[in-house]
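The listed protein sequences correspond, in order, to chains A and B. Position 1, counted from 1, in the first sequence is what this note's numbering calls 1; the numbers after and before it change by one each time, with no gaps. One gets this note's numbering by counting positions in the second sequence from 1 and adding 1000 to each.
No lab work stands behind these hints: they were computed from the structure. Be careful, since some hints might not be right.
To be verified - Computed beta-carbon distance windows for the label pairs:
hint, chain 1, residue 1, chain 2, residue 2, range
1, B, Arg1064, A, Ile119, 29 to 39 Å
2, A, Pro25, B, Glu1182, 43 to 53 Å
3, A, Pro185, B, Glu1182, 30 to 40 Å
4, B, Thr1171, A, Arg36, 47 to 57 Å
5, A, Arg121, B, Thr1157, 45 to 55 Å
6, A, Leu122, B, Thr1171, 45 to 55 Å
7, B, Arg1163, A, Arg208, 31 to 41 Å
As the list claims (entries may be wrong) - Some residues of chain B that are not near chain A, with every Cβ distance over 12 Å (derived):
hint, residue
8, His1029
9, Ala1075
10, Gln1076
11, Ala1148
12, Ala1206
13, Pro1220
14, Ala1228
Note that the structure is predicted; figures quoted are calculated from it, not measured. Even glycine gets a Cβ: it sits at the ideal position worked out from N, Cα and C.
2 protein chains.
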Amino acid sequence: MEAKAATRLYVEAGLGAGAMLALAPAQAHQLRAVLRLAPGDAVALFNGRDGEWRARIASLTRDRATVAVEAPLRAQEEAGDLWLLFAPVKRARLELIVEKATELGVSALCPVITERTNIDRLNPERLGAIAREAAEQSERLSVPELRAPLPLMRLVTDWPAERRLILCDETGAAPPAAAALEALPPGPRAVLIGPEGGFAETELDALRKLPFVCPVGLGPRVLRCDTAAIAALAMAQAVGGDWSAARLRRPAGQTATRG
Amino acid sequence: MEAKAATRLYVEAGLGAGAMLALAPAQAHQLRAVLRLAPGDAVALFNGRDGEWRARIASLTRDRATVAVEAPLRAQEEAGDLWLLFAPVKRARLELIVEKATELGVSALCPVITERTNIDRLNPERLGAIAREAAEQSERLSVPELRAPLPLMRLVTDWPAERRLILCDETGAAPPAAAALEALPPGPRAVLIGPEGGFAETELDALRKLPFVCPVGLGPRVLRCDTAAIAALAMAQAVGGDWSAARLRRPAGQTATRG
């Protein structure tokens, strides 16, 4: 399909014309077995620092691939600054939150332990891979940072005062999200989503007293935590976030539609 | 957990004090094996017409349950009027779209066949069950109607002129969603999401010429179709939709938090 974008791959190494890079075994597998590419085919590379570069597959076996970096495609852009604080939930919904948050431009994924959080282990390798893949698909030039889990109340005690914390308040007491977000001053922001059982009353009371907290309502229905995360992040980007920015255009012949 | 809402079940039958209803086998299984309820336990019932009613389990075996309807909990509310037009995609993402659209208050789910739609079969029973379950979880009093698939161009040829069609335009040419939605007059609306490969240029050209079509942009990144559907529905409800309505309160002791 002509409209298909070049395959984008995240790499750790520095990017520059003439560099020869070894890809990860999973990437070699993806190129060969999933995408059926071959030596000579073009891919696009990014590393979160050096922009996006066109590269060509130099060698490709079952689990090894090398690529030759050729020319720059896009300059590195200023990454957005939006954190997502989320209570770990069961695997499928957690992975969905990481994938969708990445697509929606989150810069830091911050797991928080709340009173009713009943998941105590994360798989950072797996979640990191999901974030990388979502960044590749979404044309981002960076991968969100996955932080170590912290107790919610410790995190907000040590909070950078200028960063607004958008609290998704499921009690029905908060003003609707659109109005609340419009009233926020410019500056860095974070979205906070509670666990499956909701926040405890004591947590909500403490959060509402903090000067940087902005409670928002997400409508009259009860949303699952993954739905709430996606809806709140979309709202945060649409009202005061980066949705007013023009889409970064890719070179001709590489449109930006993905499934 | 005290804060847990009563189990809500969708039924087809009419609801009124004293009615004795047989539940579906899957519901009997859910009550007994998943939720470990027993005769005498309370549940809440709704059917999309008669509001929400408290009922009590009268008998419960492996695949049969009868419930006695006792008293009304909530009056039937006016259902929202928001359609989602979506191109069928692979199963996992399709099911996610149906679940999340239901949580976000969609009244009609309308599969549309576009030029680049490459899925030609849906499983209406499975999708209907997902919508019913999401309605139960989200405290809705209705289940969205799942329509039969129609070619997109036939659907818009026969379109009710007063219903605005919010076109999620991934080309970067549309105004940002918040501004575009704020400019819409009040009235019924629909959201249209394209297939994995995006709309064809001819489709976009034809859609943009229709007087009821409102193209919106969903930010600078490339969103998967399920992400785009959830983000656009959240925006449509938040700006001019029902998110400004107060949450319907349930009786004391039944708060509305779910995972």
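Hints versus structure:
1. B/Arg1064 x A/Ile119: 29 to 39 Å: With Cβ atoms ~35 Å apart, the hint holds.
2. A/Pro25 x B/Glu1182: 43 to 53 Å: About 49 Å separates the Cβ atoms of A/Pro25 and B/Glu1182, which means 43 to 53 Å holds.
3. A/Pro185 x B/Glu1182: 30 to 40 Å: With a Cβ separation near 20 Å, A/Pro185 and B/Glu1182 fall outside 30 to 40 Å, so the hint is violated.
4. B/Thr1171 x A/Arg36: 47 to 57 Å: Roughly 28 Å apart at Cβ, these two residues miss the hinted range, so it is violated.
5. A/Arg121 x B/Thr1157: 45 to 55 Å: Between A/Arg121 and B/Thr1157, where Cβ atoms are some 54 Å apart, the hint holds.
6. A/Leu122 x B/Thr1171: 45 to 55 Å: 37 Å, violated
7. B/Arg1163 x A/Arg208: 31 to 41 Å: 39 Å, holds
8. His1029: Its Cβ never comes within 12 Å of chain A, the nearest being 20 Å, so this holds.
9. Ala1075: 14 Å, holds
10. Gln1076: Holds, since 14 Å exceeds 12 Å.
11. Ala1148: 23 Å, holds
12. Ala1206: Check passes; 17 Å lies beyond 12 Å.
13. Pro1220: 5 Å, violated
14. Ala1228: 9 Å, violated
The structure fails to meet hints 3, 4, 6, 13 and 14 from the earlier list, while all remaining hints are met.
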